[in-house]
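Same order as they appear, the protein sequences are chains A and B. So for the first sequence, my numbering puts the first residue at 1; every next one is plus one. So for the second sequence, my numbering puts the first residue at 251; every next one is plus one.
FYI, nobody ran anything at the bench for these hints, they're computed from the structure. Hints should not be assumed to be uniformly reliable.
As the list claims (entries may be wrong) - Examples of chain B residues lying across from chain A (beta carbon under 7 Å, computed):
id	residue
1	G269
2	Y308
3	R309
4	G323
5	R332
Claimed, not checked - Restraint ranges, calculated between C-beta atoms of paired labels, are given here:
id	chain 1	residue 1	chain 2	residue 2	range
6	A	W154	B	A268	21 to 31 Å
7	A	S119	B	R332	49 to 59 Å
8	A	L181	B	R297	49 to 59 Å
9	A	L181	B	I302	51 to 61 Å
10	A	F60	B	R309	19 to 29 Å
11	B	R309	A	R150	11 to 21 Å
12	B	T288	A	W154	32 to 42 Å
13	B	T263	A	F35	48 to 58 Å
14	A	W154	B	R297	50 to 60 Å
15	A	N34	B	L336	33 to 43 Å
Unchecked claim - Covered by chain B, according to a simulated footprint, are these stretches of chain A (three or more residues, beta-carbon under 8 Å):
id	segment
16	88–95
17	104–118
The C-beta atom is built at its ideal place from N, Cα and C for all residues, glycine as well.
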Amino acid sequence: MAIQQTNVTINYAGSPPRQALNRFMNNTGRLAGNFLMDYWATVLTAMLGFLVFAALSVPFLSYLGLDGISKQIFFSLHAVCAQIPSHSFYVFGHQLGMCARNLSIYSAMFLGSLIFVLSKKRLPGIPWWIWVLMILPLAVDGTTQMFGLRESTWELRVLTGTLFGLANVWFALPLIQKTILQSTPAQPHKSYQLQPSAGNASINTGTMPAGMISTDVTSDPIEHNVVTNQVEFLILPGQEGSPDPATNRH
Amino acid sequence: MTKAKEPAPAQVTFYTKAGCHLCEEARDMLEDIAALTTYELTEIDIRSNPAIFEQYRYRIPVIIINGETIIEGRIEFQDLARAFQLR
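If we strip away everything but chain A, and leave its shape as in the complex, we get:
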């Protein structure tokens, strides 16, 4: 598999201010895209953590007499939870921002995604049938209660909600990361980047590990056209070592 680095020259049409705006939008979009590609799991974890923190903060704020803030947070959280009083936990006699089931779901999702981030996104995922098995208890508990066949307990809500939340992140996040890795070309390490010189390529620094292939791609100075000049180095086991500076060859 070749490692590619592309330099694309884009011609911005229109007046200079328009060109500047286009360039700004293009750069901002690329920066935002690159940031999300690198830190999507961290952003997701932060959002889940914020949600759980907000739900937990409601009774404490009420207890401290900050009802104005507490009330706003409580009613904002209605977007993600029905907040049924009899299904909720209470702290200092004040209802939490989310019911027991939703609090368990989001807490488990937060902890699961935090573990995923701390594992440097290397946590292996679970197969789909384990995911189904883990979300099934919540489905049964929730639907039987919804249709009035039985009334659940807080223990069951917490247990099934935790299983559901963990299953979702454990299944989805590694899958997302796998898809991202498969769909984006790997970037060559700086020390292995090649620089073209008079039609040839030379290796900057460092020693390439056995089996590594590196490719250099340069762009044509003519706008709109990208020309790929690929020079590949395949270093086989037993041939490791610094390149010969005279020949630029191993």
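Using the hints provided, position chain B relative to the given structure of chain A.
Here is chain B on its own, set in the frame of chain A:
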């Protein structure tokens, strides 16, 4: 000539507690209902009686209309209006 007798206003009991956000929302709805029909409201703070507190602590706000209809928890305005036979 005798005037037609108006129906007696509904007797409403509202169980609440200070610092309960859902209770504040329910009270606002009761005020909206008051603009549409008349009723007699009895507001009870559940902390005034240990027995009532135990009964309603995880259910408030609770609205009882004429000793029969009970609406509690997260109350929707249309449910409350229906209970007052406004819709």
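Here's how the hints hold up against the structure:
no. : hint                        : in the structure
1   : G269                        : 5 Å, holds
2   : Y308                        : 5 Å, holds
3   : R309                        : 6 Å, holds
4   : G323                        : 5 Å, holds
5   : R332                        : 19 Å, violated
6   : A:W154 / B:A268: 21 to 31 Å : 25 Å, holds
7   : A:S119 / B:R332: 49 to 59 Å : 52 Å, holds
8   : A:L181 / B:R297: 49 to 59 Å : 57 Å, holds
9   : A:L181 / B:I302: 51 to 61 Å : 60 Å, holds
10  : A:F60 / B:R309: 19 to 29 Å  : 22 Å, holds
11  : B:R309 / A:R150: 11 to 21 Å : 19 Å, holds
12  : B:T288 / A:W154: 32 to 42 Å : 40 Å, holds
13  : B:T263 / A:F35: 48 to 58 Å  : 56 Å, holds
14  : A:W154 / B:R297: 50 to 60 Å : 23 Å, violated
15  : A:N34 / B:L336: 33 to 43 Å  : 57 Å, violated
16  : 88–95                       : holds (count 5)
17  : 104–118                     : violated (count 0)
This entry does not satisfy hints 5, 14, 15 and 17, going by the numbered hints stated previously.
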